[in-house]
Each structure stands twice: as structure tokens, then as C-alpha cells.
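Trainee: Letter by letter, the chains look like this.
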Amino acid sequence: MPRPALFASLLLLAANPCLGRATIDLQPIATGVFVHQGVHQLPDHHNRGEIANIGFIEGRRCVAVIDSGGSPEQGRALRDGIRALTRTPICYVINTHVHPDHIYGNRAFREPGVRFVGHYKLGAAMAARAAFYSEKADRDLGVALTAEDFVLPDIEVNGELELDLGERHLKLVAQATAHTDNDLTVYDETTQTLWLADLLFMEHLPVIDGSLNGWLKVLDRVRKIPARRVVPGHGPVAAFWPADAAPEIRYLSELRTELRAAIKQGRTIEQAVASVGRSERSRWALFDEFHPRNVATAYAELEWEED
Amino acid sequence: MHRRPLVFSSLLLAIALLSPSLGSSASSDTPEETSWINGLRAKFIGDKAIEEGNDVIELSAPYRAEDPALVPLQITSRIPQTPERFIRKITLVIDNNPVPFGASFEFTPDSGKADIAMRVRVNSYSYVRAIAETNDGKLHMAKAFVKASGGCSAPIGGDLEAAMARLGKMKFKMEGEHLTPQQPNLTQLLISHPNITGLQMNQISRMVQPAHYVEEVKVSFNEKPVLTAQTDIAISADPNFRFYFVPPGPGELKAEIRDNLGGRYSTTQTLTP
Numbered sequence: 001m002p003r004p005a006l007f008a009s010l011l012l013l014a015a016n017p018c019l020g021r022a023t024i025d026l027q028p029i030a031t032g033v034f035v036h037q038g039v040h041q042l043p044d045h046h047n048r049g050e051i052a053n054i055g056f057i058e059g060r061r062c063v064a065v066i067d068s069g070g071s072p073e074q075g076r077a078l079r080d081g082i083r084a085l086t087r088t089p090i091c092y093v094i095n096t097h098v099h100p101d102h103i104y105g106n107r108a109f110r111e112p113g114v115r116f117v118g119h120y121k122l123g124a125a126m127a128a129r130a131a132f133y134s135e136k137a138d139r140d141l142g143v144a145l146t147a148e149d150f151v152l153p154d155i156e157v158n159g160e161l162e163l164d165l166g167e168r169h170l171k172l173v174a175q176a177t178a179h180t181d182n183d184l185t186v187y188d189e190t191t192q193t194l195w196l197a198d199l200l201f202m203e204h205l206p207v208i209d210g211s212l213n214g215w216l217k218v219l220d221r222v223r224k225i226p227a228r229r230v231v232p233g234h235g236p237v238a239a240f241w242p243a244d245a246a247p248e249i250r251y252l253s254e255l256r257t258e259l260r261a262a263i264k265q266g267r268t269i270e271q272a273v274a275s276v277g278r279s280e281r282s283r284w285a286l287f288d289e290f291h292p293r294n295v296a297t298a299y300a301e302l303e304w305e306e307d
Numbered sequence: 308m309h310r311r312p313l314v315f316s317s318l319l320l321a322i323a324l325l326s327p328s329l330g331s332s333a334s335s336d337t338p339e340e341t342s343w344i345n346g347l348r349a350k351f352i353g354d355k356a357i358e359e360g361n362d363v364i365e366l367s368a369p370y371r372a373e374d375p376a377l378v379p380l381q382i383t384s385r386i387p388q389t390p391e392r393f394i395r396k397i398t399l400v401i402d403n404n405p406v407p408f409g410a411s412f413e414f415t416p417d418s419g420k421a422d423i424a425m426r427v428r429v430n431s432y433s434y435v436r437a438i439a440e441t442n443d444g445k446l447h448m449a450k451a452f453v454k455a456s457g458g459c460s461a462p463i464g465g466d467l468e469a470a471m472a473r474l475g476k477m478k479f480k481m482e483g484e485h486l487t488p489q490q491p492n493l494t495q496l497l498i499s500h501p502n503i504t505g506l507q508m509n510q511i512s513r514m515v516q517p518a519h520y521v522e523e524v525k526v527s528f529n530e531k532p533v534l535t536a537q538t539d540i541a542i543s544a545d546p547n548f549r550f551y552f553v554p555p556g557p558g559e560l561k562a563e564i565r566d567n568l569g570g571r572y573s574t575t576q577t578l579t580p
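Chains as they are written, first to last, in the numbering used here: chain C, 1 to 307; chain P, 308 to 580.
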């Protein structure tokens, strides 16, 4: 019986930074829940898009990966990191939404027995964005992607779905359009951990790629979930719920209030970009990088509201 | 009482023009105009003479666009529309877009002021030009350089389902509560239309989402045309135009649009002083 032990330690060696392999730091935040913390940077050649919080949850029978990373290389590092920590097989890769920093590691997990899980609109979003994203990855990250790197979901969630990991159940909910039009949340009943991914930004400015009104509505609903902790897509590996959602709710609400007033006053989109929400500037990382675009996107949405 | 709306609107214009995000392309590194010189000039104006500068029209565009699929442009005329002298047509050209023709707008003396603001897609670093033709047949051009990329191939963001459900919905937004007869009144026409470019590739199915965009916009007041536009895929999703018209008195403002698949939509708004 020495073989499995030897095997495991070999894998540990493989994940050892001294051997020059890409490694990943996975922090336990609750029993069987591990998170790698991202950085508050724009995706670039240096960080290769590896900027989001990603990780996994382990049951008795199965591991579910939650978001695969921002590059194929980070996907491999995550896979090796998981193997170094447990011999429980990976059964599921859950993609919380279509953004590159959450899906580009998918390919590393593609093997028999692994099923990919996403919102029912994720496949369409991946397909529509793949060409554009590949060009961007090549230019901004120096990463060459092919169609193979865009692994579509095998299991599409419309409404709710429960995944049984073996004495551990994950409840997946396909949310209405919020951060994107394909946000999926994961709730681990065992530890009462709510994995919100990019529905919750902390420190890093929230980025709107779906609907401002929709996002506030979804936050209003999920804040009632009695979670002991929450995992944001950008920010610390774990946070208090719902207390730590307050800054994001404040930013989005203020943005909406000021935009509605600006639209009512007949201010143009350019004027709104220059004036709306500026008081939040000192409170967020990457404000200058994302705020003007948030204003433009939300303006185009809110100008259609009935007066 | 009569003069106030005018003063107010020109103040707003002044603010718009002074706003830092709207600074035009004036910069030390002047990019080449290769596409214009090698073909576009001949295509759009032939061998006619053209006057460059800001005497007749001005074009404001952000030097660096926040969102390449939503680049705000403001074309401002420097001459009033009078029956004797007026801007008859403005053509918008985006040099390095897959379809450089952006739109053309026809004005009349009833337009009051040949100003037009809209949002466009810019696919790569490019000059944007507004070419005005006055009623004497002379051409005038203003240009701005915009740094943006991917505006035409950018995936349809947000919520296409919601956008399709709203397709064809339109509304006018007047600047003030009431109409000011005999004066240029500023209004905004909002059109709900996804304006799909036909360049958004679905890599997995290898299918391109077929183009579906607004081709023509006609605005009239009491059946008299005030703005007629031919538009192309460079116009952003949910097309949005800001312009002036001079109403003789109370009446009905009407917009009629037609898209490339034959869809026709219209809206009217009754206006009183």
C-alpha cells in the first residue's frame, strides 16, 4: 500500500515552486473550501489575466472547481494545486460567468469524468465572445487561445440545480441579468458558504456588463441568504455576509440615483461620464479604469426607463 | 421669454464643447490619413474641392473612447439655417471601420440648426470626419482622431433578449417642458434597436449573427421634414440622435424608421407651447 502515498507526494513535488512549475496559493476558508486570491489589476502581459478569486469545494466523492482561472496556465496550476491537496476526483467545473478571468483555465480540466456547469446563457455568451476575446487575449495578455480553450457547459442551469459531491450538496442558482447575463451563484449548505463570484466586488470597482437595475435587484434577493461567509469574485478570499456587500450596494445605488437625475436634467452621456459618481473615486481600486465605462453602459440602460 | 431657451441651449452647447472628455483630436502626434487619401476621399467626394476647418461645422469626439461600441459624437454647425444659406447634408465617415460610411443627415431651413449628436462604433484607431454640404454645393470638413478598438466586432453586451423585446420602441425627449415656436428646439430621438453589425462572429458555431440595423430615419414636424438620415452599422445599438427643429406653432413631431430587414416603426408626439 505505499503507492498512493508515494504518488501523492510526487504530485506535491510537482507543485513545488522550487521546481519551476507554476503554482497556486489555495487558502482554506472553511472545511473543504479553498480559494485562491486574485489581484486588483487590469489583465496584462505580466499577470496574464490571473486576477480573479478562483477555487474549489471538496465533498466525500467529488471536487467541484469554481472558476478555472484567467489563463490556460493558471488552469493547469489550479488543477495541479487541487491534486496536491486531495485525491478526491474532480467531477465538476462550475463557471460563474463568461468573463475571461473565470473561464480561461477550463481546458486544463477537460478529461473523462469532468462535467462543465454554467448558466443556461453561458454557452451563447462564450460563443458570441470567443472571437473577440481571443483577439484581446493575444493583444493584452500575450496568450494565444483557440476554440478548444472555450469549453462550453455540459450542464446548463436554468432556475436551480443541486450538485451532490458526496455528503455535501451545492445549490446552484442561475441569476437574472446582473453583472452579466449569465451569472451563476453557488451555495454550500455544509459550511453555509455563498460563492457569489463577480456579483460581489470588494475593493476592486464593480464592473457592469449586464444591467445596473438587474444587479441591484439580484443583490436585494441574495442578501437574504443566511450565509456565514461569502466569496467575492474580486477582493478577500472570504467576507461577512451581507455586511461586506454594503460598499458595492452603495456604489451601484449612488450611480443609479445620480444617473437618473442627470438623464432627467437632459444631460448627455458625455456630461454624465464626466460628473456622475465621482465621490466614490477614492474608495475603489481601478476606479479610473472602469467607472467611466460603467456610467456610459448604465446611462444607455437607464435612459429607457419610463419617466 | 422668447430668448431664454436659445441662451440656455447655447450655454449647454458651450459646456458640452468645453468638457474635457470631448476635446477633439488636437494633439502633437498627428496620425496618418492613409485610408482617406488612398480611396475614401475619392469615394465620398470625388475630385470636388473641400474646405477643412471649423468655420462651417465642428466635430467633437473623445480622443480615447471609454467604450468602442458607444462613442459619443457631436457635430455642431457654425452657421444658422436660413433659406438663403444652410447646411443641406452632413456625411459621417469613420476611416478605418469595416464600413467607413457611418451615416448621412439631410437638413432643411426648418431644422433651425444643423447640429446632430449620436453614438457610434469605432473598430480601430481612426479618423472620424463630418463632411457638410451647404446649399451652394460647397463642401466643408471637420475631423477628429479617436483611439478605440473592437467597436464593431464587440459582442452584443448586456441583455440581447431584453433588447429584442423592446425592438422598435421609440421616444422623443424634448429639452424643455414646452415648445418654443419660431425658435430652434432641441430634441432627442431614442430608438430601441440592437443594430447588429453582422461582424459579431460566433466562433464555436462559426456563424455570424446576421446584420440587423436601422437604415433610414425620417423626422418631420406637421408632415414637413426636419431631419432625414441614412444610417449604417457604425451607429451604436439603441440609436440615439440629438438635433434641432423650428416649429411654426403647436403640432406633431413624428419619427419613422426602417431597418435593413424591412422592419418599419414610427412614433409621434404632440407638442404645445
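Just so you know, not all the hints are guaranteed correct.
Computed spacing ranges between beta-carbons, pair by pair [claimed, not checked]: (1) P/Val406 to C/Glu289: 42 to 52 Å; (2) P/Tyr432 to C/Asn213: 27 to 37 Å; (3) P/Glu358 to C/Arg221: 54 to 64 Å; (4) C/Arg250 to P/Glu530: 26 to 36 Å; (5) C/Glu306 to P/Glu563: 15 to 25 Å; (6) C/Asn213 to P/Pro405: 47 to 57 Å; (7) C/Glu306 to P/Lys396: 31 to 41 Å; (8) P/Pro557 to C/Ala243: 34 to 44 Å; (9) P/Met481 to C/Ser275: 16 to 26 Å; (10) P/Tyr432 to C/Gly142: 15 to 25 Å; (11) P/Pro580 to C/Ser253: 36 to 46 Å.
By construction, these hints were calculated from the structure, which means they are not laboratory data.
Model, not experiment: these values are computed from the prediction.
Note that CB positions come from ideal geometry on N, CA and C, so glycine has one too.
Trainee: Please check whether P/Pro580 and C/Ser253 have a Cβ separation lying inside 36 to 46 Å.
Mentor: holds (38 Å)
Trainee: Within 26 to 36 Å or not, the Cβ separation of C/Arg250 and P/Glu530?
Mentor: Hint violated: Cβ distance 50 Å, outside 26 to 36 Å.
Trainee: Measuring from beta carbon to beta carbon, are C/Glu306 and P/Glu563 in 15 to 25 Å?
Mentor: holds (22 Å)
Trainee: Measuring from beta carbon to beta carbon, are P/Met481 and C/Ser275 in 16 to 26 Å?
Mentor: With Cβ atoms ~22 Å apart, the hint holds.
Trainee: Do the Cβ positions of P/Glu358 and C/Arg221 conform to the proposed distance bound of 54 to 64 Å?
Mentor: holds (59 Å)
Trainee: Taking 42 to 52 Å as the hint, is the beta-carbon distance of P/Val406 and C/Glu289 inside that range?
Mentor: violated (30 Å)
Trainee: Can you let me know if the beta-carbon spacing of C/Asn213 and P/Pro405 is within 47 to 57 Å?
Mentor: violated (33 Å)
Trainee: Is the gap between the beta carbons of P/Tyr432 and C/Asn213 within 27 to 37 Å?
Mentor: Cβ of P/Tyr432 to Cβ of C/Asn213: about 34 Å, so the range 27 to 37 Å holds.
Trainee: Hint says 31 to 41 Å; check whether the CB-CB distance for C/Glu306 and P/Lys396 agrees.
Mentor: holds (35 Å)
Trainee: With respect to the beta-carbon atoms only, verify the hint that P/Tyr432 and C/Gly142 lie 15 to 25 Å apart.
Mentor: The hinted range 15 to 25 Å holds for P/Tyr432 and C/Gly142, with Cβ atoms some 20 Å apart.
Trainee: Does the Cβ pair P/Pro557, C/Ala243 satisfy 34 to 44 Å?
Mentor: Violated: the Cβ-Cβ distance is about 56 Å, outside 34 to 44 Å.
When held up to the earlier numbered hints, the structure conflicts with 1, 4, 6 and 8 and fits the remainder.
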